[in-house]
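Novice: Here are the chains, one letter per residue:
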Amino acid sequence: MNASDTVSAAHTSPPRTYIHAVILGVFCLGFGLLLAITDRLTVEDIAARALDDRQNSLAQVIPDSVHDNNPVTDTIQMTDGHGKEITVYRARKAGKITGVAYEIHGNGYAGEIKLMMGVDSEGKLLGVRPLAHKETPGLGDKIEVKKGDWILRFTGLSLGNPVPERWKVKKDGGEFDQFAGATITPRGVVGAIRGGLEFFAANRAKLTEAN
Amino acid sequence: MADYKTIVKDGLWDNNGVLSMLLGMCPAMAMTTSATNGFGMGLATAVVMAASSLLVAVFRSRITQEVRIPVFILIVAAMVTLVDLAMNAWMHELYKVLGLFIPLIVSNCLPLARLEAFAAKQPPLPAFLDGLFMGAGFTIALTGIGAVREIIGNGTLFADASLLLGPAFKAIEMRILPADTGVLMMVLPPGGFLVTGLLVVVKRMIDLRAGKEIQMGGAHSVA
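Residue numbers (the working numbering), protein chains in the order written: chain B, 1062 to 1272; chain U, 351 to 573.
Since the hints were made in silico from the structure, they are not lab data.
Among the hints, a few may not be true.
Unchecked claim - Cβ-Cβ distance ranges computed for the label pairs, FRET-style:
no., chain 1, residue 1, chain 2, residue 2, range
1, U, Pro539, B, Ala1262, 56 to 62 angstroms
2, B, Pro1225, U, Val533, 37 to 43 angstroms
3, B, Ala1262, U, Val533, 41 to 47 angstroms
4, U, Asp353, B, Lys1175, 49 to 55 angstroms
5, B, Thr1136, U, Ile556, 56 to 62 angstroms
6, U, Lys520, B, Asp1113, 30 to 36 angstroms
7, U, Glu443, B, Ala1082, 39 to 45 angstroms
8, U, Asp364, B, Ala1082, 35 to 41 angstroms
What the hints assert, rightly or not - In silico DSSO-like links for lysine-lysine, alpha-carbon gap of 27 angstroms or less:
no., chain 1, residue 1, chain 2, residue 2
9, U, Lys520, B, Lys1208
10, B, Lys1203, U, Lys471
11, B, Lys1267, B, Lys1185
12, U, Lys520, B, Lys1207
No experiment lies behind these values; they were computed from the predicted model shown.
The beta carbon of each residue, even a glycine, is placed where N, CA and C say it ideally should be.
Extracted from the complex, chain B is given alone in its bound form (with noise of 0.2 angstroms):
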């Protein structure tokens, strides 16, 4: 390292301090510019894996013996009891809503999780999914399909089966299996389940009218 050096050149020449300036100022310019160039190379290919993911996960929890539409597409935005945006991603056989699928967030026990649910037009369960969690592995993300079966079990189940002070875990109480050494976590599952149930139970009329 010349330390010593530079320090002795910037004694000789002080004007030249601007140097650095530009220096830095000329680097950041070409990298920014190497940077927008890739955006642009990169943003359609980007968007067209987002959707296809979305795709991916909505086709998990809406059969496709359900639609003849494509469902990623076909949209409307909702806000739930408290306020919160919900996209809602519509299922169309003949035109007619066959089902609906829309996020869900539970509290678990290293933050949101987040799943995908889907519900017929009868308000029964198409299916539910994890899509993002930060659950203790081996432990809680047991709610992935990949690593047990426990999430297929919500499938068929609505409001009514079991009844609304059953949709808890059996600890608390409820009908549904906690897992060993982990309860946090499907507490927070099950919650969020009956959450969108009810959601969809105070917004029926909107969720299946077919306009």
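Please arrange chain U on chain B, whose structure you already have, making use of the hints.
Specialist: Below, chain U alone, put in the same frame as chain B:
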């Protein structure tokens, strides 16, 4: 004057970023809950290190001493963003597994340390190789830490490797211990500290046995 053999040996073992210099501890502990995760994080870091070392070496005569640190950070951050965008667009399956780790490379001090200690004073080719092999050494260390934590914590080795590397690698996914016998703590944060510390000890013991001098903190450590 560049001694390529030393560059390779330094990067992979003698001056290993994690096990000798104790740099990049954050990703080394946070991202090594499995061997596959560690390997993926290491790979992404190696690409960024090789690219940014090359760029710094190319521009080294134009970068003044006073602004070198901001310029280095700029270059590392730009390379990370470039890799992030390109992978998201064109290697999306891989991105879904690794995407989480890539922005973390900016916060890793190992690339910056190598730019400052090596690339800023060397011609492009040795600098590129130093970045590449330091990255490879980083990958080896992270894969090792991940493997130990995964075996003890989860009973598996290279689980989900096929998600990262393609279906051909399904064969290396192994179950070492019976299911549900793992010591969960090892995949939780304390396990990261324990295993990283143990592997540093193991490396020093091997070096001692080979009669090598132990370089505390590494010969090329930054001020």
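Novice: Compare the structure with each hint and give your call.
Specialist: Hint by hint, here is what the structure shows:
{"no.": "1", "hint": "Pro539/U x Ala1262/B: 56 to 62 angstroms", "verdict": "41 angstroms, violated"}
{"no.": "2", "hint": "Pro1225/B x Val533/U: 37 to 43 angstroms", "verdict": "40 angstroms, holds"}
{"no.": "3", "hint": "Ala1262/B x Val533/U: 41 to 47 angstroms", "verdict": "45 angstroms, holds"}
{"no.": "4", "hint": "Asp353/U x Lys1175/B: 49 to 55 angstroms", "verdict": "52 angstroms, holds"}
{"no.": "5", "hint": "Thr1136/B x Ile556/U: 56 to 62 angstroms", "verdict": "59 angstroms, holds"}
{"no.": "6", "hint": "Lys520/U x Asp1113/B: 30 to 36 angstroms", "verdict": "23 angstroms, violated"}
{"no.": "7", "hint": "Glu443/U x Ala1082/B: 39 to 45 angstroms", "verdict": "44 angstroms, holds"}
{"no.": "8", "hint": "Asp364/U x Ala1082/B: 35 to 41 angstroms", "verdict": "40 angstroms, holds"}
{"no.": "9", "hint": "Lys520/U x Lys1208/B", "verdict": "17 angstroms, holds"}
{"no.": "10", "hint": "Lys1203/B x Lys471/U", "verdict": "51 angstroms, violated"}
{"no.": "11", "hint": "Lys1267/B x Lys1185/B", "verdict": "16 angstroms, holds"}
{"no.": "12", "hint": "Lys520/U x Lys1207/B", "verdict": "15 angstroms, holds"}
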